[in-house]
Structures are given as C-alpha cells and as structure tokens.
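Turn these sequences into a full structure, and let the hints steer you where they fit.
Protein chains in written order, with the numbering used here: chain V, 1 to 125; chain Z, 1 to 125; chain Y, 1 to 125; chain R, 1 to 125.
It is worth saying that the hints were derived from the structure and are not from the lab. In this text, a Cβ means the ideal position worked out from N, Cα and C, and glycines have one as well. Any given hint could turn out to be false.
Claimed, not checked - With the C-beta cut set under 10 Å, the calculated list includes, among others, these residues of chain Y facing chain V: (1) L117; (2) M118; (3) T119; (4) T120; (5) M121; (6) A124.
4 protein chains.
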Amino acid sequence: MVRGTIGRCRWAIAEGHLPEALSPSSARLESGETACLLNAGEVDAHVAITVYFANREPVGPYRVTVGARRTLHVRFDELIRPQPLPRAIDYATVIESDVPIVVQHTRLETEGAQSALMTTMAYAE
Amino acid sequence: MVRGTIGRCRWAIAEGHLPEALSPSSARLESGETACLLNAGEVDAHVAITVYFANREPVGPYRVTVGARRTLHVRFDELIRPQPLPRAIDYATVIESDVPIVVQHTRLETEGAQSALMTTMAYAE
Amino acid sequence: MVRGTIGRCRWAIAEGHLPEALSPSSARLESGETACLLNAGEVDAHVAITVYFANREPVGPYRVTVGARRTLHVRFDELIRPQPLPRAIDYATVIESDVPIVVQHTRLETEGAQSALMTTMAYAE
Amino acid sequence: MVRGTIGRCRWAIAEGHLPEALSPSSARLESGETACLLNAGEVDAHVAITVYFANREPVGPYRVTVGARRTLHVRFDELIRPQPLPRAIDYATVIESDVPIVVQHTRLETEGAQSALMTTMAYAE
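Here's what the structure looks like:
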C-alpha cells in the first residue's frame, strides 16, 4: 500500500445555490456550500474554480492552493476575487487542478436546532 | 488548465418521487426534485429527458436546452409537455444530450422550519 | 439520441442499517432504506440481491424482476425470502442483474414532522 | 451471476469533520461520521486509513481488517491508534486495501428528535 497521489485534475459540481446574504449569526457560520478538496500528493495543487450561472457569463477563475498532503474546505460564499458570487441564484462549478485532487460537494443548512445535510463526490474526468 | 467541455452525453437517475400536488405555498416553492444540468462547453446542449415508472410505459422525451457556458436546474414538477408527470408515484429518469453535460440530482423537502436535503451525481455512461 | 439500455450488471452499496422493527404507523410507511432500480432496456432484468453483515455469513440471493422500461424501488425491510433481514444491525448489499440496470441507494427517516434524507448512486463495476 | 469480489483497492473521502468531544449521551451514540466498508470477496481485507488535515501533517495509517464476506462500519471518532483524531477540525481520508472493497461515507447528526443525514460513495481509483 502506497501513500500518495489520488484523484483527477478536472471536476464538476452541477448543483449550487447561495442564499440571500444573511446577517451575521452562528447559523451563518454553520450553513453554506463547500467544495472539499484533498491533495494527497507530494506537491502543492494550484486550483482554478470557474462558476457558471443560468443567465449570465461564467466568472472566475477563483484560485486556491491546496498544499501537499493537505485538505482544504472551500466555502463558496468566501470566494471574493475576482468578484463575490451573486446571491440568491443557482450556479454550478468546474474545478481544475494542475495535479490530481479529490473533490466532494457538501451543503449544510442550519436554522436554530434544525439542520439538513447533503453531500456527493463531484464528477471527475 | 482549459476552460471548456466536461461531462458525458447519457445520464440516469434511478430515484424519483413526486408528492401529491400541493396547494400553492412557500413550502411548495422550496420543495421538490431537481436535475441540475451544467453545460460548460461552447455550444448549446439539446437535452431529452425520458421518465420511467413502475407500472406504466415511459413518457417523454421532455426537451430542454442548456445554453453554452450555462447551468439549468430542471424541476421535475415543471415538466409539462408532452404531459405533466403523474403525482404520488415513483419514477426514474434518463437524460440524454447532444453534447457533454454534467447532471446532479437533488431533492429538497421543506415543511415549516424543517428541511431535509439529499443529492448525488447522476450515473454517467 | 437513443432511448434504451443504460447501466451496469454489478452494483454495491456499503451502507445499510435496519432499525428495530416499528409498530405500524405512518412513520413506518415513510421511513426506510431503498434500492432504486432502473431498467431502461427492452428486456426484463432478473436481479439478485446478496446482503452482507458484520458478524455473520451473507444471506440471499433475494430475487426481484424489473420489467423492461420500468423502475422498481426495493425496500430492504420488505425482503422476506429466503429470510427476513435481521433488525438493528449494519449491512451492505451486492446487486447483480442479467442485463444492465442503474442502482441508487436512498434512506428516508421520518419522525413526526421531522425528516432526514440521504442518497447516492451505488458503486458500479 | 457470480457472488464474489467487487470494488477497488484505493478510495478517498474529501469531506470530514469531527465535532467537539461530547459528553456521553444517546446523541453521541447516534451521531458521527462513518466509512462503511464492504468486502464481498473470499479473503480478508487489510485496510489502512490515512487522515489528512488543513494545517498539519497526515496521521496514520489506522489499520482495520474486514473479514471475507463481511461489512465493517468504521466510526472516525473511534480511530485511536496511532493517535486519536483531533477534534473540531476538518479532515479527509485515503483508504487503501490489499484486496478490492467498496467504501461509502455517511454522516449522521442527531440532536434530540432532529436528525440530518448525508451519504456518498467514496472516490475510487
């Protein structure tokens, strides 16, 4: 058994929805959509995220680096440059890396004591 | 890293359930099953959705177009032509496109302050 | 675009849990684990389900038929022959078909007004 | 139809989160993240789990054995040797086996009468 690189360089997530901007609260801290990235390899992964919409041109790439042997959980509402994502609309994402990574999509909704969860491995190519 | 086409041309979702038709309400607006389609390529995707049932012949194709570089979130309860989907029964879907797309299946159930979520990438071939 | 067969002949679901047997109630009717099977092809699918446990030999096969161009949602708590599944234990399943099908695993938990959902495409080979 | 081996030898789960350690309670018994492993083959599977973090070196391997024709549901909060997993941080996992297995990732959150569920097949290579 070998510890090391696993994954692919191009991934897609077809579901995405950012709610209206919320006032600061613990719920806001907990809720949201996340792309969980795993780079199990020995070199840093330079990742470009492009975001697609229903009625406008895509934006991006948003750039993040996942260090060698590290995981990074990217919250979509924290993608700020080149521009903050618009709110209250559907979106989808393509995630491209210069080395193999693994991508999983998770949404957590929390309201008071309630919570709802969903997750799926992204589509890899 | 190249921005462009990703995905496959044939997808399937084996789970599906449309509840009884609901009276108009905010819950109705929020709840439902969705096929999220991403067309990251440079030409429009012409998509045909065929719906299968337990005890009757399949219906369709329902036709939708996903523009180049666009995402489309298709609600199954809004598929009207050639016929509205029957209610309160299980179904499954095959989604075929003339160019590669990515398909993700999501169900949201909302009742009052409660919500439940599930999602999965569809099966691609 | 061709309507017809999609899928694989061997699938696996690694997660499974049957709760203690419940008294008859609407909750019971709603809750449960399901394997959703889609046979989009033109001949019937003869399906064999084998169930694996943590501490005992596997049981099965449980046999179901999914008609041509039909979907079947199999509830695990309704698998009776060759023997009812034991309760309150973890299990996993291998689902084999003589023609290609698509398999999706879904769990619904309902208690009063609460519900929780999860789903994933099964592993295909 | 042949009963026997199904799966792959290398799997990854990119999402993971262990909450703060909880006081003993029924909620604690129910909640948690699980890797469900299925070994449908005829020889035992020797499995090594490596856990990756955002800001520190990976730990492991944690070693478990899944008997021939058995399933094992591994709770991440029960991985103790070589060291207990740190709490309240994000993680990801690579799961390697000397024979093919199937891996599914599930998280259950329970608080009082509320529950939230999510699941996905892991990424296989």
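Structure-based check of each hint:
For Y/L117, the interface hint holds, the least distance from its beta-carbon to any beta-carbon of chain V being 8 Å, beneath 10 Å. With 10 Å as the threshold, the beta carbon of Y/M118 comes within range of chain V, its nearest partner Cβ sitting at about 8 Å, so the hint holds. The interface hint given for Y/T119 is met, as the beta carbon of that residue sits about 8 Å from the closest beta carbon of chain V, less than 10 Å. With a least beta-carbon distance of about 7 Å to chain V, the hint placing Y/T120 at the interface is held under the 10 Å criterion.
Given the 10 Å rule on beta carbons, the hint for Y/M121 holds: about 8 Å separates it from the nearest Cβ of chain V. A distance limit of 10 Å between C-beta atoms decides the matter here; for Y/A124 the minimum to chain V is near 13 Å, and the interface restraint is violated.
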